[in-house]
Amino acid sequence: MRITVQGVGAVGGFGCGVAALAQALAQGGAPSFPADPAPLDRFVPKRTQRRLDRFSRLAVLAAHLALEDAGALGDDPERLAVVVASGYGATGTTLAMIDSILESGDACTSPIHFAGSLHNTPAAHLSILLGAKGPSLTVSQFELSVPSALMAAQLWLDQGRVDRVLFGAVDEKSELNDYLWERRAELERPLGPAGAACGEGAAFFLLSSRDEPASPYCTLDAVSTGRGPAPGQPYPGLVLLDGGADDLPGRRLTPLWGCMPAAPAFDLAAAAVLIRQGAEERVDCLARTEDGDFGLIRLGPCRR
Amino acid sequence: MTARAVPVSGLGCISAAGPDLEACMASMFRGERAPAPPVRFSSSHPVRYPVFEVPDFAEPPELLRTAALLLRAAGEALADAGLDRDQLAGLRVGACIGTTVGSAMNNEAFCREFRTGGRPAMAPMDRILRSNPAAALARAWGLTGPCQTIVNACSSGTDAVGLGASWIEAGLCDLVLAGGADELGRITYNGFISMRIAAPGPCLPFDRDREGLNLGEGAAVLVLEAPELLRRRRARARAFVLGYGSSCDAYHNTAPSPDGAGLERAILEALAAGGLDRAQVAFVNAHGTSTPDNDRVEAQVLARMLPGVPFLSTKGYTGHTLGAAGAIEAAFTVASLERGLIPGCAGFRSADPELGAEPVRENTALRGAVALSQSLAFGGNNAVLALGLGERP
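Listed in order, the protein sequences are those of chains A and B.
In terms of this note's numbering, the first sequence opens at residue 275 and continues consecutively.
In terms of this note's numbering, the second sequence opens at residue 2 and continues consecutively.
Heads up, some of the hints might be wrong.
Unchecked claim - The calculated SDA-like cross-link candidates involving lysine to any residue, where the alpha carbons are at most 25 angstroms apart (straight line), are:
#, chain 1, residue 1, chain 2, residue 2
1, A, Lys320, A, Ile402
2, A, Lys320, A, Phe307
3, A, Lys320, B, Tyr252
4, A, Lys320, A, Ser384
5, A, Lys320, B, Arg279
6, A, Lys320, A, Gly302
7, A, Lys320, A, Gln297
8, A, Lys320, A, Arg353
9, A, Lys320, B, Ala236
10, A, Lys320, A, Gly405
11, A, Lys320, B, Ala256
12, A, Lys320, A, Glu377
Claimed, not checked - Here are a few chain A residues that face chain B, going by a calculated C-beta distance under 7 angstroms:
#, residue
13, Ala293
14, Ala296
15, Gln297
16, Leu299
17, Leu376
18, Ser378
19, Pro385
20, Phe388
21, Arg457
22, Ala459
Simulated from the structure, these hints should not be mistaken for lab results.
C-beta atoms are modelled at their ideal positions from N, C-alpha and C, and glycine is treated no differently.
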């Protein structure tokens with residue numbers, strides 16, 4: 275089964291859209307936070323956006339950008355699945371819900387914040403906004419959320435359950451995450467490489483097993499997760515590294531978007547852009563945890 | 002059995018109904034249930050909403066209760082399958098686990114200190130980060146295969162079993178420990194009460210006078226095994242995962258679509274995946290939360306699609322265990338198929354004419370070897386497993 279990446283959408287500290295991401299890749303520079311979900315106005319009426327917290331807005335924006343990039347906005351969603359990854363979920367809304375308890379007591383818990391604190395809320399909003407009635411899945415595997423969720427997307431396409439998957443990842447830089455980041459750095463158990471910023475944003479992709487009319491970015495050749503040495507070494511092309519220490523030669527792009535569990539999705543977006551530009555033929559995105567777990571995503575060129 | 006059937010070689014379960022699967026089944030067939038106000042945490046609500054807590058279970062300090070419940074159920078399931086740590090060592094073993102609480106960064110004491118200007122110690126958050134259910138299970142048993150924690154709200158456990166089965170089908174694993182786990186806590190308790198879907202008394206699934214759900218906690222694990230490995234070990238399949246279907250209502254974040262079309266789609270997909278005919282379904286283990294909306298939609302779909310097929314909700318015995326529910330109910334479904342008997346739907350007393358169908362009132366003998374176990378969830382998710390009876394011992 276040939277799976278192609280048909281569209282890419284991303285919003286983060288580097289800006290919004292594939293062009294901003296490509297510019298960050300070409301020119302470098304430090305990300306600026308918070309990420310701005312305001313361009314969502316192009317896709318979703320403001321009145322509807324009132325139901326979405328910041329976490330969901332980032333995800334919904336990146337998803338619409340990916341569909342737009344693929345020329346698939348408004349397409350029939352009948353055989354479309356939605357698969358979302360997040361390491362920490364909607365921590366801003368979670369904290370707001372706990373605030374409502376702390377400030378006003380148990381009987382005043384905010385039902386809106388409680389419902390919004392669930393990890394699968396962005397996937398639900400996306401399905402509602404797009405009318406997507408196929409399978410919907412949200413995965414939270416901390417640093418390996420992206421490869422783990424992508425494995426499910428790939429499987430569903432391989433099985434023929436669906437023929438398109440709107441796949442993506444989102445994490446936000448809330449007060450809570452900032453504090454965790456700061457304290458872990460102080461305790462010399464950092465959540466990311468020394469000097470790296472705590473990041474936020476969302477990166478989405480339209481994956482397809484169809485023979486699509488539009489020219490795709492690249493093919494999704496393999497996804498694997500597990501513990502121990504990652505398979506397939508030595509890698510033939512560029513290796514993008516994320517997470518724990520690894521002695522493989524490769525590039526770390528995390529400084530462009532900041533550290534977050536969703537970061538491997540930004541690596542994936544960068545890899546897709548580099549292959550489409552012809553700058554690279556094959557890219558392997560390897561994420562590792564301190565415990566020795568790995569997630570490997572392998573992308574290759576499109577040859578019809 | 003179809004070519005896609007995935008053997009289930011072991012089962013483990015812990016819930017308020019019992020500390021293991023056999024104890025759960027025995028207490029349900031005796032019609033026992035004991036919802037009561039929470040003991041492990043306090044609340045200032047004027048009404049003491051009942052819950053189903055797991056008694057006599059203490060988690061170790063380094064793990065969330067969710068992960069500890071999961072490890073208990075996994076230990077039982079592996080023992081049931083006749084597998085020990087040494088046997089797992091040479092195999093590709095995956096962990097696919099559903100949860101809601103087990104992956105949430107929501108420690109109340111930590112946040113209270115943070116909000117009052119303190120610098121809370123990291124221990125509570127480190128514990129959360131150590132307790133991702135699938136990762137905790139993989140670490141505890143030295144598993145080296147794929148690891149996935151599914152957070153699809155209340156359908157997570159059903160989705161985890163369905164996804165885990167697809168890993169076996171795809172040849173990614175020799176074995177998958179698939180299931181779900183969730184714990185009771187103050188935040189979840191307050192949250193469901195705030196949404197006005199918690200009942201002030203014992204829950205009454207599908208009853209005319211139902212007022213809402215009772216929360217519960219627990220875990221269940223199914224050992225899914227590649228047929229080749231099962232043959233090599235000369236082990237037996239207690240059951241088969243015959244099909245899995247899932248869908249999204251795309252209607253509302255916290256309410257099911259009134260037409261039930263999403264659930265219908267998931268049921269049809271599960272049946273089609275298993276090459277099954279509706280007439281083969283012996284019973285349905287329904288989601289049956291006892292909320293007015295869920296039970297109305299679910300019963301109407303069952304009345305329309307599977308008229309006359311016995312159904313029940315086991316949440317009257319366990320409470321709603323959220324991300325664990327689908328796995329616990331899958332385990333109950335298998336154990337019921339093995340016995341040829343389902344328990345009466347605890348809490349059901351009076352038929353609701355709006356529903357068009359009513360669950361079994363008493364323990365009921367089964368005809369057939371296939372059953373459905375289904376879950377509906379916030380986010381509009383619907384997930385359905387088709388489970389088939391395995392080989393007799």
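query: Are there hints from earlier that the structure breaks, and if so, what are their numbers?
result: 5, 6, 7, 8, 9, 12, 13, 14, 15, 16, 18, 22
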